[in-house]
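Q: Residue numbers (the working numbering), protein chains in the order written: chain R, 55 to 388; chain B, 97 to 387; chain H, 116 to 423.
Simulated from the structure, these hints should not be mistaken for lab results. You may find that some hints are simply not true.
Stated by the list, open to error - If you only want the chain H side, here are some residues facing chain R, beta carbon under 8 angstroms, derived:
#1 ALA184
#2 THR185
#3 PRO329
What the hints assert, rightly or not - Which bits of chain R does chain H cover? Going by a derived footprint, with three or more residues having C-beta under 8 angstroms, they are:
#4 150–164
#5 289–302
A virtual CB, placed ideally from N, CA and C, is assigned to each residue, including glycine.
Okay, here's what each chain looks like letter by letter:
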Amino acid sequence: MENKPILEIKNLVVEYRTDDGIVQALNGLDLSIQPGETHGLVGETGAGKTTAGLGILKLIPDPPGVVVDGEIYLDGKNVMVASDKEMESMRGYDVSMIFQDPMTSLNPVMTVEDQIAEVYELHEDISQADSLKKTHEILELVGIPAERGNEYPHQFSGGMKQRVVIAMALAGNPKLLIADEPTTALDVTIQAQVLGMMKDLKDKYNTAMLMITHDLGIVAEVCDKVSVIYAGRIVEQGNLVDIFDNTRHPYTEGLFNSLPNLADRTQKLKPIKGLMPDPSNLPTGCPFHPRCDYVMEICSKVKPPRVYRDGAHYVECHLYNEENIKKGGVIERD
Amino acid sequence: MEKIKPKIYKKKGPIVEVFLRLAKNKTAILGLIIVAILIIAALAAPFIFDYDDVIIKQNISNRLQSPSKDNWFGTDDLGRDIFARIVYGSRISLRVSFTAVAIALLIGGFLGAIGGYYGGMLDNIIMRFMDVFLAIPGTLFAITIAAALGNNIRNLIIALSISSIPGFARILRSSVITVRDVEFIEAARAIGANDARIILNHVIPNSLAPVIVHTTLNVATIILTIAGLSFLGLGIAPPAPEWGSMLSSGRTYLIGHSYITAFPGFAIMITILALNLLGDGLRDALDPRLK
Amino acid sequence: MWKYILKRLLYLIPVLFGVTLLVFLIMSVAPGDPAKVILGEQATPEAIEQLRVELGLDDPVLVQYMRYATGLLKGDMGMSYKSKDPVAVEIVARIPTTLKLTLSATLIAVLVAIPLGIFAAVKQNTLFDGLSMFIALLGISIPIFWLGLMLLVLFSQRLGWFPSSGAASWKSFILPGVALGFHSMASIARITRSSMLEVIRQDYIRTARSKGMPYRDVITKHALPNALIPTITVTGLQIGALMAGSVLTETVFSLPGIGRLIINSIQGRDIPVVLGCILVFTIGFSVVNLLVDLLYAYVDPRIKAQYT
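Using the sequences provided together with the hints, build the complete structure.
A: As structure tokens, this is what we get:
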């Protein structure tokens, strides 16, 4: 089912230029999402995940953010050359974003229903009464009683606020939904509820989704495809099964090993050693080499090329070539 | 209202760190340089100009001279050199304002700190007392006290410091309350440090940032108030070369000799400007999140 | 909400008694016998003594204060030592001038400052931003009375556009209003800019933009209401400063307002009038502060929730 992708990002390079130096947030990001597909973007904090999401909306704060290179096509339209007006008509309507922290993502001095109704008023030729009616419908849809619509955000719990944020993002019935760590700020029990709801709604409207997360559990639950991002670049990409069952990149491997194994609790966690590199001073060659257990001499000198296992699954790692990648990882997995 | 939250330093060398941040801020450095020049001028003035001979001695034959090579800022209605009087005037402005601020800081700071630290009744009494002071619009209070007590430097200092006490009490109280319950204070309490020790060694140092900023800006306010009071004839009486009273004495000669009024005004303005630049810079340097 | 307002007004009563007691005490320790000041240097000791008894100045300070306070409770502010008129009459006659002056200064300050602050923040680090913040910095540094004098020289004496004294027409309040309001304008503009800058960086601004709202609308509909909260605080404080500043401005422009009255009365040791003026300023300031708090509740539902 290879048809026209809803989102295509090619070689996106974004820098934040501050007084303290240049932070390389994205270093040639490639990503594409088909209609209705859910794509997981997985990585640690500071890997450039949120920048990627904002880049699609053309909302990277400038200054200090500068898009140095790359192309973004949203439903066929070139975002990079789109005017402010064109972007405004796409935001909230063709593409919308659920932000990480529901506590700070809502305007504290505006009622919840007014904030949602704005989406309709901005994108549809609609009367105020109708937009309010639609707002109440979508509130009910995300599980909030319509009569609570005239309350203010501070009267809602965290989980409820996130439902409001989700309602707002879904109001325009977008073709692409960017969800930036939508459940991280929530309690575990609420997380499951919200995630379940998102999944249902997405299926109902056949919305494509970019799920930005650091949580492999969420990825396993909702994603069709997965990209693992490290220091602003995708190091491994493939279908869900490729990533989970045919893991190739040492970093992806490390992410899995950092998770506790509930079946065998005597097994020790093997967290990835070291910390994310300073993005204003990235290591040469493969940026992961200082933390990699399989580091070779070449890794610090040459950027690893992309090696494909099949049409969908690739890694960027010097451990692999066309031959050995098919056979299975040189990395032994417990 | 700009919230000034105390920055809690964990790393060593916070003073160096703050200074480095301050040094990056060009306007703050400009303010610092001007303030430094003023202080030097105030200290050096008696060695450059003879008080009796140059500053207050009347010289009628030389009166109302426009600015020239001999009299950079001209001469006033009594023939005195305005430049010399302005330079000498910095002594009064700085001495009075520094003293008044120091007193206000000590008393207001003490009241605010113990109120904030102990809370309860004591805090309540102190703050209700401060409410009464704060209910009277700022400088109006200083005007009343200064006017009632009569104009000399000591009374002026009393008036200015009393009207500045509530501000300092408030600032210290709120920053003490924010740090009071922070973990390291609880830790200090847990190892048996007594209250006085905790206040002196832990609470006060961590409340310093807002206090330093407020102090700098308060000096500016007080210098403005001194000039205002003297302008009304309630501050420092002639013939002392106080900027506000110099400015006031030029009022009669506004037409034709507006420089008599203009130059002392510039002196006040530049001083206040410098203190504000420095204060803003300090705030940014002490609390980078506010930038 | 009404309960809150009532509570605040009731709390004002003890504060006002505190204020009057404070001023009473200050005036009583002050050197200079009112009777002597009123009668002049040549008065005989007998005449002075007689006036002292007449004015009740021979009683202990606290007795004098109690007498004043009971009068105040009945709405009586006493008689002026000098003119023998009721203090209330003297003050009421001068309120319009001071009110017009402070109102025009407030209007000038707010109407200029808020747009200036917003534009400076939105156009951060541009020439406009730099220029307007430089003007604001000058504004907080210029002494009111000096600015007043310079405006007088330029616009009234050189150009003859405005009268130099008196309160005859609205024109008389333009220069004093600018002189008095400039300082507040500067403070309000600075706080508006900095709170606007703070708000623009908030997540909910990004949310609003992600809905597809044009940036202009995001600024006016989402950023401004949030940024106004600190602006309102500073404006309230500035109105207090304006009242104090009116003393200086009325002196410079020879306006017959309460500010002039208080200075003359202090110099003449006319204690009841001084107390009356301070009382009026304090009530005015307190009412402004109450209005500010109510305005908060209007713009910020979180604060409103605390009041009910």
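Q: Hint by hint, say whether it matches the structure.
A: How the hints compare with the structure:
A least Cβ separation of about 43 angstroms between ALA184 of chain H and chain R goes past the 8 angstroms threshold, and the interface hint is therefore violated. Using the Cβ-Cβ criterion of 8 angstroms, the hint placing THR185 of chain H at the interface with chain R is not satisfied: the shortest such distance is roughly 47 angstroms. Using the Cβ-Cβ criterion of 8 angstroms, the hint placing PRO329 of chain H at the interface with chain R is satisfied: the shortest such distance is roughly 6 angstroms. Check result for the stretch 150–164 of chain R against chain H: holds, 11 residues qualifying (beta carbon to beta carbon below 8 angstroms, three or more required).
Counting residues of the stretch 289–302 of chain R whose C-beta sits closer than 8 angstroms to any C-beta of chain H gives 0, which falls short of three, so the coverage hint is violated.
The structure is inconsistent with the numbered hints 1, 2 and 5, although it conforms to all the rest.
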